[in-house]
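One-letter residues, chain by chain:
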Amino acid sequence: MRSGPPIAPRRAAVHVARTVWNDAIIPLGDRALTVTMPGADGRALVRCLADRVRADAPPGMTALVPAIESLTIHYDPLRSSFGSLRSYLTQAFVTLEITPVTVAEPVLIPVCYGGEFGPDLDDVAAAHATTADAIIAAHSGGLYTVAMIGFLPGFPYLEGLAPALHTPRRATPRTAVPAGSVGIGGSSTGVYPFASPGGWQIIGRTPRALFSPTREPPALLQAGDRVRFTPITTAALRALLEQP
Amino acid sequence: MIHVRQPGIQTTVQDLGRPNWQHAGVPVGGAMDLQAHRIASILVGNDLHAAALECALGGVALQFTSAALVALAGRDVTASLDGTPIVPWRAFRVERGALLALHTGCRTTIAVAGGIDVPIVLDARGTSLRAGFGGWEGRAIRRDDQLPIGRPSSLSERIRDHLVEARLTIARWGAGPDLLPAYSDAPTVRIIEGPQFAELDDASRTLLLGDSFRIAPDSDRMGYRLSGHALRLTTPREMLSSGVTAGTIQLPPGGAPLVLMADRQTTGGYPRLGDVITADLPLMAQLRPGDHVRFVLTELDVAQDQYRRIEHDLARAQRALQLRFAAGTDGSY
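Residue numbers (my numbering), protein chains in the order written: chain Z, 1 to 244; chain R, 1 to 333.
Just so you know, these hints were derived from the structure itself, not from any lab.
Mixed in with the good hints there might be a few duds.
Among chain R residues calculated to face chain Z with C-beta under 7 Å, some are [to be verified]:
{"hint": "1", "residue": "19"}
{"hint": "2", "residue": "22"}
{"hint": "3", "residue": "23"}
{"hint": "4", "residue": "26"}
{"hint": "5", "residue": "121"}
{"hint": "6", "residue": "122"}
{"hint": "7", "residue": "133"}
{"hint": "8", "residue": "195"}
{"hint": "9", "residue": "242"}
{"hint": "10", "residue": "245"}
{"hint": "11", "residue": "247"}
{"hint": "12", "residue": "267"}
{"hint": "13", "residue": "300"}
{"hint": "14", "residue": "303"}
{"hint": "15", "residue": "307"}
{"hint": "16", "residue": "311"}
Sample of chain Z residues with no beta-carbon within 10 Å of chain R, all distances over it, derived [what the hints assert, rightly or not]:
{"hint": "17", "residue": "99"}
{"hint": "18", "residue": "102"}
{"hint": "19", "residue": "106"}
{"hint": "20", "residue": "119"}
{"hint": "21", "residue": "129"}
{"hint": "22", "residue": "131"}
{"hint": "23", "residue": "132"}
{"hint": "24", "residue": "137"}
{"hint": "25", "residue": "165"}
{"hint": "26", "residue": "228"}
{"hint": "27", "residue": "230"}
{"hint": "28", "residue": "239"}
Where a beta carbon is used, it is the ideal one built from N, C-alpha and C, also for glycine.
Whenever a hint applies, use it, and build me the whole structure from the sequences.
Okay, here's the thing in structure tokens:
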């Protein structure tokens with residue numbers, strides 16, 4: 001599935017380890033810790049360290065939560081400790097190699113833009129003094145990266161929204177945004193996996209389930225995935241929504 | 001089967017939660033007060049992964065369509081069985097057709113021998129309310145729901161037989177005071193300093209560690225909003241979202257701190273002032289809107305020592321019950 005050009009891995013900058021490392025690992029309560037890796041290499045370091053920790057599965061680890069510039073490890077203090085995990089991470093970091101992102105085919109998310117399923121599309125177009133069609137073309141023309149999963153089960157924080165589409169959140173959040181709604185909030189775009197209150201500008205709706213607890217894996221996307229939105233008609237959306 | 005006559009304000013099927021699906025954004029969930037929940041499980045002879053009911057406040061009435069062994073756990077529990085008062089922290093027998101009423105409580109666990117028999121979804125049986133899966137149809141229970149009960153363990157059967165032979169409804173033994181959290185409507189709760197604690201202005205730091213906060217009415221299983229004092233950082237800051245945990249105290253822009261509880265999101269983007277230690281989470285979990293809480297700083301080592309002590313005490317209590325009702329004994333000393 002994933003393939004890419006063979007690029008030589010490079011060693012993580014060891015000076016980062018010396019200067020930042022002691023402050024980079026901090027306790028998160030008494031059963032978790034967070035490793036923070038800001039800076040130009042931060043995202044790549046998080047990705048590579050997460051891969052490494054997942055593969056090593058240090059004893060006592062109960063969950064691994066990658067975020068944009070940080071990695072949180074939850075652990076059971078009966079089987080591990082902050083000190084032992086910090087030692088492990090320090091060792092792992094010293095030998096960590098930044099491997100290139102393996103270029104996977106983007107996940108295609110069909111979207112019915114505008115109309116009753118995208119009530120804010122015209123407002124977004126007006127905010128940028130352009131047409132709804134131009135907004136659709138720009139939004140569906142972008143290639144997005146899943147920076148992290150959080151907020152709701154399967155909710156992707158997508159990076160890569162064209163600056164011409166950056167739009168402030170609605171002045172008054174909606175009390176209920178339907179599941180599958182595709183929105184723009186500031187410089188982010190994303191898809192609501194569940195009906196939820198929300199303040200993003202809703203420009204369309206996808207019939208694809210971003211999260212289904214009975215599917216394997218339950219979340220459609222994971223951190224690092226690429227995403228493209230492809231326009232579909234209202235009829236196509238309705239047909240797909242009606243499928244069980 | 002349990003026939004729900006009165007569901008109460010919010011009664012959900014809960015267990016130990018889903019810690020290992022946090023990478024997919026799935027809230028951990030599970031019982032708010034994991035100590036009370038596990039004690040109740042132990043008392044009825046259940047496996048610790050069995051599901052129980054968690055009731056917010058009171059007003060719950062359950063009719064049992066078959067005989068059962070039950071235990072209640074939580075703060076300020078008042079309950080009755082066919083009109084006869086029932087105390088928490090002890091196992092009791094329920095006859096077929098009997099009506100169990102929970103009059104008052106905070107976060108009361110009702111554990112039934114065999115557990116609430118709902119499907120395992122993503123490794124657990126607890127209800128994920130926001131995502132609408134797990135538990136009983138992914139939602140809080142309603143009037144006239146019929147909740148299936150799992151097959152009781154042989155230990156549960158022996159405990160029940162012992163009560164029958166001793167002609168007791170309620171066990172004479174139960175969880176001793178040493179095993180219970182020091183519940184209060186105004187507890188002092190220990191926290192570990194968080195990354196933005198030092199960025200609080202002097203007045204705010206003094207308030208956080210000196211004064212009491214009130215639990216706001218819009219508090220729920222996701223988190224408790226604290227009212228009474230608005231706190232401020234010396235310099236407001238924008239943050240990237242990152243992992244949070246049970247007890248993380250976040251500071252949203254309005255200045256009212258928010259303590260994350262069982263149904264919290266997996267990540268958060270507000271400044272973090274500290275984290276309530278695991279040993280004191282039951283004290284938070286059993287607070288009602290209008291109750292008060294104070295915070296005091298402690299160290300990671302102290303927190304983990306407390307955690308390990310409670311885990312050992314619970315394991316020992318479970319072993320003691322298993323030994324007492326080991327196959328071939330009658331449960332008497």
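These are the hints, each one checked on the structure:
1. 19: The hint holds - residue 19(R) has a Cβ within 7 Å of chain Z, the shortest such distance being about 5 Å.
2. 22: Where the cut-off is 7 Å and the nearest Cβ of chain Z is about 4 Å from residue 22(R), the hint holds.
3. 23: With Cβ-Cβ at 6 Å, under 7 Å, it holds.
4. 26: holds, 5 Å
5. 121: holds, 5 Å
6. 122: holds, 5 Å
7. 133: With Cβ-Cβ at 4 Å, under 7 Å, it holds.
8. 195: holds, 6 Å
9. 242: holds, 4 Å
10. 245: holds, 5 Å
11. 247: holds, 6 Å
12. 267: holds, 3 Å
13. 300: holds, 5 Å
14. 303: With a closest approach of 4 Å, the residue 303(R) hint holds.
15. 307: holds, 5 Å
16. 311: Constraint on residue 311(R) satisfied, holds at 6 Å.
17. 99: Holds: least Cβ distance 19 Å, greater than 10 Å.
18. 102: holds, 18 Å
19. 106: holds, 19 Å
20. 119: holds, 23 Å
21. 129: holds, 28 Å
22. 131: Fine: 33 Å to the nearest Cβ keeps residue 131(Z) off the interface.
23. 132: holds, 31 Å
24. 137: Residue 137(Z) is indeed farther than 10 Å from all Cβ atoms of chain R, at 30 Å.
25. 165: holds, 21 Å
26. 228: Consistent with the label, residue 228(Z) stays out of reach of chain R, its closest Cβ about 21 Å off (over 10 Å).
27. 230: holds, 24 Å
28. 239: holds, 24 Å
Hint compliance for this structure: every hint is met.
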